[in-house]
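Asks: Use the sequences and the hints to build the structure in full.
Per my numbering, the sequence shown runs over residues 74 to 396.
FYI, nobody ran anything at the bench for these hints, they're computed from the structure. Some clues are possibly wrong.
Straight-line distance between alpha carbons at most 20 Å, and here's what the computed EDC-like set of lysine to aspartate or glutamate pairs gives [stated by the list, open to error]:
{"id": "1", "residue 1": "K160", "residue 2": "D149"}
{"id": "2", "residue 1": "K95", "residue 2": "E312"}
{"id": "3", "residue 1": "K95", "residue 2": "D390"}
{"id": "4", "residue 1": "K95", "residue 2": "D122"}
{"id": "5", "residue 1": "K362", "residue 2": "E379"}
{"id": "6", "residue 1": "K160", "residue 2": "D184"}
{"id": "7", "residue 1": "K160", "residue 2": "E231"}
{"id": "8", "residue 1": "K95", "residue 2": "D121"}
{"id": "9", "residue 1": "K95", "residue 2": "D278"}
{"id": "10", "residue 1": "K95", "residue 2": "D119"}
{"id": "11", "residue 1": "K95", "residue 2": "E131"}
{"id": "12", "residue 1": "K95", "residue 2": "D78"}
{"id": "13", "residue 1": "K160", "residue 2": "E131"}
{"id": "14", "residue 1": "K95", "residue 2": "E138"}
{"id": "15", "residue 1": "K95", "residue 2": "E139"}
{"id": "16", "residue 1": "K95", "residue 2": "D314"}
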Amino acid sequence: MEFLDLPPVTRAGGTLELPGSKSISNRTLLLSALARGSTTLRGLLDSDDTRVMRGALEALGVIVEELDGPGHVRVDGIGSGSGFPVKSGSIFLGNSGTSARSLAAVLALSDGQYTLSGVPRMHERPIGDLIDALEPAGARVRYLGTPGFPPLAIAPRERTAITLLRIRGSISSQFVSGVLMALPWVREAVTVEIEGELISRPYVDLTLNLMARFGVIVQRDGWRSFDLPGGEGYVSPGEIDVEGDASSASYFLAAGALGGGPVRVVGVGRASAQGDVHFTRVLAAMGAKVTFGDNWVECAGTPPFEAFDLDMNLIPDAAMTSA
Numbered sequence: 074m075e076f077l078d079l080p081p082v083t084r085a086g087g088t089l090e091l092p093g094s095k096s097i098s099n100r101t102l103l104l105s106a107l108a109r110g111s112t113t114l115r116g117l118l119d120s121d122d123t124r125v126m127r128g129a130l131e132a133l134g135v136i137v138e139e140l141d142g143p144g145h146v147r148v149d150g151i152g153s154g155s156g157f158p159v160k161s162g163s164i165f166l167g168n169s170g171t172s173a174r175s176l177a178a179v180l181a182l183s184d185g186q187y188t189l190s191g192v193p194r195m196h197e198r199p200i201g202d203l204i205d206a207l208e209p210a211g212a213r214v215r216y217l218g219t220p221g222f223p224p225l226a227i228a229p230r231e232r233t234a235i236t237l238l239r240i241r242g243s244i245s246s247q248f249v250s251g252v253l254m255a256l257p258w259v260r261e262a263v264t265v266e267i268e269g270e271l272i273s274r275p276y277v278d279l280t281l282n283l284m285a286r287f288g289v290i291v292q293r294d295g296w297r298s299f300d301l302p303g304g305e306g307y308v309s310p311g312e313i314d315v316e317g318d319a320s321s322a323s324y325f326l327a328a329g330a331l332g333g334g335p336v337r338v339v340g341v342g343r344a345s346a347q348g349d350v351h352f353t354r355v356l357a358a359m360g361a362k363v364t365f366g367d368n369w370v371e372c373a374g375t376p377p378f379e380a381f382d383l384d385m386n387l388i389p390d391a392a393m394t395s396a
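Replies: In structure tokens form, the structure reads like this:
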């Protein structure tokens, strides 16, 4: 194809079903694997990233059964404290940052010997802060290439009692989420302190909400520290419906504002746990009409819009759409 022809459009309207959220899909797959009992997931995103996570869990011995398509699966959890059924192996994670960071944290606290690698671009993405944070918990990780970057060689964790971990919050919220999701395997009460400013807070909020669905309630002091309880770790809630992807929704809601609308997206609503649903505040500030239901959002508008001056730090994926 030599060019892509974009004809002028004067109106946008209609209703569409959103694909599942990648952030929720990968977190839920991992938590289902770590939980005691089986979990049925509906609305799971079928994408490169989720296939990578699913393939990695299966390589580690977790049973992921497809029920009536890749978006509807049952995961047989392994439970806390026993480690993965497969105790050694090489895990290839492609270019999936969410998979690499969360699985590295979990495997570093397990009882197996693994290597984690990806495409060349993955090996340029830092992971040192995550590994440094887990060392006091007994993590034994060796860098196979550039220090601080994948690929990684992970040895069985040294059993050691811990009550406090520290991690920098200004590098990546995925590091913080990875540490928080992994620590219930330790089965001891642990406080995680955040050094500096925590960025992308809605993604950490999303992690905490999903952990609570699996029975691990985290107490926190604002964004400065998180207290994880001791106990038996994660327990399956039985069934989970994966929310639609709020980042994807932003484009279509913007189309509703620009093209008259209304455009309705189904899969996220007023109770959404995703930070990017707050893109609707940008649209409202510009003068568009935004309406919420429990499981849908609708937008209509007529240009020209009001100028706005808003901090996009909490919804970075929607910043370009806003511009």
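Asks: The structure should be examined with respect to each hint, and the outcome stated for every one.
Replies: These are the hints, each one checked on the structure:
Note on K160 and D149: the hinted pairing holds, with a Cα-Cα distance of about 17 Å set against a maximum of 20 Å. Between K95 and E312 the alpha-carbon distance is near 18 Å, which keeps this suggested pair within the 20 Å criterion. Simply put, K95 and D390 have alpha-carbon atoms about 13 Å apart, close enough for the 20 Å limit, and the pair holds. As the CA atoms of K95 and D122 are separated by approximately 7 Å, the hinted pair is consistent with the 20 Å bound.
Of the pairs offered as hints, the one joining K362 and E379 holds, with about 13 Å between alpha carbons and a cut-off of 20 Å not exceeded. With a C-alpha separation of about 7 Å, the suggested pairing of K160 with D184 holds against the 20 Å cut-off. Proximity of K160 to E231 is assessed by CA-CA distance (about 15 Å); at most 20 Å being required, the pair is judged to hold. Annotation: proposed proximity of K95 to D121 holds, straight-line Cα distance about 10 Å (limit 20 Å).
This hinted pair checks out: K95 and D278 have alpha carbons roughly 15 Å apart, not beyond 20 Å. In summary, the hint linking K95 to D119 is supported, as the alpha carbons are separated by about 9 Å, within the 20 Å threshold. Between the alpha carbons of K95 and E131 the distance comes to roughly 18 Å, so the proposed pair stays at or under 20 Å and holds. Distance check on the hinted pair: K95 and D78 sit about 30 Å apart at the alpha-carbon level, beyond 20 Å; violated.
Taken as a hint, the K160 and E131 pair is honoured in the structure, with Cα atoms around 13 Å apart against an allowance of 20 Å. Note on K95 and E138: the hinted pairing holds, with a Cα-Cα distance of about 19 Å set against a maximum of 20 Å. For the given pair, K95 sits about 18 Å from E139 by alpha-carbon distance, which is consistent with the 20 Å threshold. Of the supplied pair hints, the one linking K95 and D314 holds, its CA atoms being roughly 13 Å apart against a limit of 20 Å.
In summary, the structure is inconsistent with hint 12 from the numbered list given earlier, while agreeing with all the others.
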